[in-house]
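Take the given structure of chain L and dock chain E to it, following the hints.
Going down the list, the sequences are from chains L and E. Per the numbering used here, the very first residue in the first sequence carries number 452; after that it's consecutive. Per the numbering used here, the very first residue in the second sequence carries number 452; after that it's consecutive.
No lab work stands behind these hints, which were simulated from the structure alone. Each hint should be verified, as a subset may be incorrect.
When chains are identical, the list treats them as one kind, so a pair holds in a single copy or across two.
Quick list of in silico lysine-lysine cross-link-like pairs, BS3-like style, CA-CA up to 30 Å [what the hints assert, rightly or not]: (1) Lys482 with Lys571; (2) Lys526 with Lys571; (3) Lys611 with Lys526; (4) Lys486 with Lys606; (5) Lys486 with Lys556; (6) Lys491 with Lys463; (7) Lys486 with Lys579; (8) Lys463 with Lys571; (9) Lys571 with Lys606; (10) Lys622 with Lys491; (11) Lys622 with Lys482; (12) Lys611 with Lys556; (13) Lys606 with Lys526; (14) Lys491 with Lys533; (15) Lys482 with Lys606; (16) Lys463 with Lys533; (17) Lys590 with Lys482; (18) Lys579 with Lys568; (19) Lys579 with Lys491; (20) Lys579 with Lys633; (21) Lys579 with Lys482; (22) Lys611 with Lys486; (23) Lys491 with Lys633; (24) Lys491 with Lys571; (25) Lys526 with Lys633; (26) Lys571 with Lys533; (27) Lys633 with Lys590; (28) Lys491 with Lys590; (29) Lys491 with Lys611.
There are 2 protein chains.
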Amino acid sequence: MENKNISMAVIKRMPRYYRYLGDLLDNDILKISSKDLAQKMGITASQIRQDFNNFGSFGQQGYGYDVRLLYHEIKRIIGIDKVYSIIIIGAGNIGQALANYQNFKRRGFNIIAMFDKNPKLIGELIGKLEVLDIETLPKFLEDNSVDIAVLSIPKLEAEKVSETIISGGVKGIWNFSPVDIKAPEGVIVESVPLTDSLMTLSYRLSEESILERINLHK
Amino acid sequence: MENKNISMAVIKRMPRYYRYLGDLLDNDILKISSKDLAQKMGITASQIRQDFNNFGSFGQQGYGYDVRLLYHEIKRIIGIDKVYSIIIIGAGNIGQALANYQNFKRRGFNIIAMFDKNPKLIGELIGKLEVLDIETLPKFLEDNSVDIAVLSIPKLEAEKVSETIISGGVKGIWNFSPVDIKAPEGVIVESVPLTDSLMTLSYRLSEESILERINLHK
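Pulled out of the complex, with its shape left as it was, chain L reads as follows:
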């Protein structure tokens, strides 16, 4: 395999390419030039060519890209031609929303269990999943193959639980908790910092309103 030294920046753009190419297919557009794709995506054509060169050559000079081929190659590259087994830890609002999110299953992410420590939630059904007692998590990890654990629990618990997960052999953590998880080599953590994101928005809003006031006084 040639995709060993690809930068995080390129990796992070792949899902976006995948999304745009899927849209093209939905609209029966089967070939596209790097220029047209670039325009749609608001990036440069040379960026696209560079990115795709990382994975081998998909385009033909003067013809453009074969959308279907590229779509399936990126799908393979991203790894979503596989099926991943997922557990959700924390059956609160975010955990429940994710458990009910139909798109994940369609994309090969299979949620096999949900855990919480709250006695009011344990035993409840979320969609088709019963919420299991978090105390049973180590045993569950011994008995089942889990690729990804979703962490949607409060900060104070997230650190302890992430240790349990990692020592249980889980290789991927999708982290919604407001902590920075220290993972050993070989364990991948992808964080979705919700409150950080909202704070970034509010910072940029307050800055924008400052700029506006400055302009008004010009």
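Chain E in isolation, oriented as in the chain L frame:
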């Protein structure tokens, strides 16, 4: 105001500083050196000094930073000493999770309304909020001051609705929909690309398993 030319990278680090300083205060730690803070956060001390210099001088040579002062300054800088009024568009799983998320209110984000186009959801109570008919959104925006609109609706609707929001004068969009919103100058969009994030995780996992297999054969 001096905070006009601060890079997005610095801005994006601010909420994380805020989070760590809040943890220090929770543990009654009232001063900290840039070195100790750096170690906690896994970044360099010079990075911290550079970042904080953007906003003026908070540290004293040989003394370290006054945690409480720094915390409140960053709070002011991020803009969360203000109260923002928020509407949520899309009362599905993610929308409901956000509506029920207690932390937002505590941080000065006040959800004033929720909208959906699904007749089964319109009129329902989510927490204390009644779901309003999306058809009434333009009128609502005329009658109310809205700082931030949360978009948690399917792709096909997100584009049209974002136009309604923007022409209704909303300056901030917190986007959970899988679309890239084209916003005019003065409108801030902060996206939380959930499926993109999960795909990045799966890509990194599949790459990791490839590397592992390569190492096994060494």
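Cross-check of the supplied hints:
1. Taking the closest pair of Cα atoms, lysine 482 and lysine 571 never come within 30 Å of each other, the shortest separation being 54 Å inside a single copy and 41 Å across copies.
2. Within a single copy, lysine 526 and lysine 571 get their C-alpha atoms no closer than 40 Å, and across copies no closer than 35 Å, so neither meets the 30 Å cut-off.
3. Taking identical chains as interchangeable, the C-alpha atoms of lysine 611 and lysine 526 lie at most 30 Å apart only when they sit on different chains, with a minimum of 28 Å there against 34 Å within one chain.
4. In this assembly of identical chains, lysine 486 and lysine 606 lie within 30 Å of each other by CA distance solely across copies; the values are 24 Å between and 45 Å within a copy.
5. In this assembly of identical chains, the alpha carbons of lysine 486 and lysine 556 never lie at most 30 Å apart, being 33 Å within a copy and 45 Å across copies at closest.
6. In this homomeric assembly, lysine 491 and lysine 463 come within 30 Å of each other (Cα to Cα) both inside a single copy, at 18 Å, and across copies, at 26 Å.
7. For the identical chains of this complex, lysine 486 and lysine 579 are neighbours neither inside a copy (45 Å) nor across copies (49 Å), given an alpha-carbon limit of 30 Å.
8. Proximity of lysine 463 and lysine 571 under a CA criterion of 30 Å is satisfied in neither setting, with 38 Å inside one chain copy and 37 Å between copies.
9. For a Cα distance limit of 30 Å, the shortest separation of lysine 571 from lysine 606 inside one copy, 20 Å, qualifies, whereas the shortest one across copies, 35 Å, does not.
10. For the homomeric pair lysine 622 and lysine 491, the shortest alpha-carbon distance between copies (24 Å) is at most 30 Å, but the shortest distance inside one copy (35 Å) is not.
11. In the homo-oligomer, the alpha carbons of lysine 622 and lysine 482 never lie at most 30 Å apart, since the shortest distance is 37 Å inside one protomer and 37 Å across protomers.
12. With identical chains, the CA atoms of lysine 611 and lysine 556 are at most 30 Å apart both within one copy (28 Å) and between copies (27 Å).
13. In this assembly of identical chains, the alpha carbons of lysine 606 and lysine 526 lie at most 30 Å apart only when taken from different copies (20 Å versus 33 Å within one copy).
14. Taking CA atoms no more than 30 Å apart as the test, lysine 491 paired with lysine 533 passes inside one copy only; the shortest distance there is 29 Å, against 37 Å between copies.
15. Taking identical chains as interchangeable, the C-alpha atoms of lysine 482 and lysine 606 lie at most 30 Å apart only when they sit on different chains, with a minimum of 23 Å there against 47 Å within one chain.
16. Proximity of lysine 463 to lysine 533 under the C-alpha cut-off of 30 Å is restricted to the intra-copy arrangement: shortest distance 19 Å within a copy versus 33 Å between copies.
17. With identical chains, the CA atoms of lysine 590 and lysine 482 are never at most 30 Å apart, being 50 Å at best within one copy and 43 Å at best between copies.
18. Taking the shortest alpha-carbon separations for lysine 579 and lysine 568, both the intra-copy value of 19 Å and the inter-copy value of 26 Å come in at or below 30 Å.
19. Within a single copy, lysine 579 and lysine 491 get their C-alpha atoms no closer than 39 Å, and across copies no closer than 41 Å, so neither meets the 30 Å cut-off.
20. Proximity of lysine 579 and lysine 633 under a CA criterion of 30 Å is satisfied in neither setting, with 32 Å inside one chain copy and 38 Å between copies.
21. With identical chains, the CA atoms of lysine 579 and lysine 482 are never at most 30 Å apart, being 41 Å at best within one copy and 50 Å at best between copies.
22. Taking CA atoms no more than 30 Å apart as the test, lysine 611 paired with lysine 486 passes between copies only; the shortest distance there is 26 Å, against 49 Å inside one copy.
23. Taking the shortest alpha-carbon separations for lysine 491 and lysine 633, only the inter-copy value of 11 Å comes in at or below 30 Å, while the best intra-copy value is 38 Å.
24. For the homomeric pair lysine 491 and lysine 571, neither the shortest alpha-carbon distance inside one copy (48 Å) nor that between copies (35 Å) is at most 30 Å.
25. Proximity of lysine 526 to lysine 633 under the C-alpha cut-off of 30 Å is found in both arrangements, the shortest distances being 29 Å within a copy and 26 Å between copies.
26. In the homo-oligomer, the alpha carbons of lysine 571 and lysine 533 never lie at most 30 Å apart, since the shortest distance is 35 Å inside one protomer and 35 Å across protomers.
27. Taking CA atoms no more than 30 Å apart as the test, lysine 633 paired with lysine 590 passes inside one copy only; the shortest distance there is 23 Å, against 48 Å between copies.
28. In the homo-oligomer, the alpha carbons of lysine 491 and lysine 590 never lie at most 30 Å apart, since the shortest distance is 49 Å inside one protomer and 32 Å across protomers.
29. Proximity of lysine 491 and lysine 611 under a CA criterion of 30 Å is satisfied inter-copy only: 17 Å between copies versus 44 Å inside one chain copy.
Violated hints, listed in ascending order, are 1, 2, 5, 7, 8, 11, 17, 19, 20, 21, 24, 26 and 28; each of the other numbered hints is respected by the structure.
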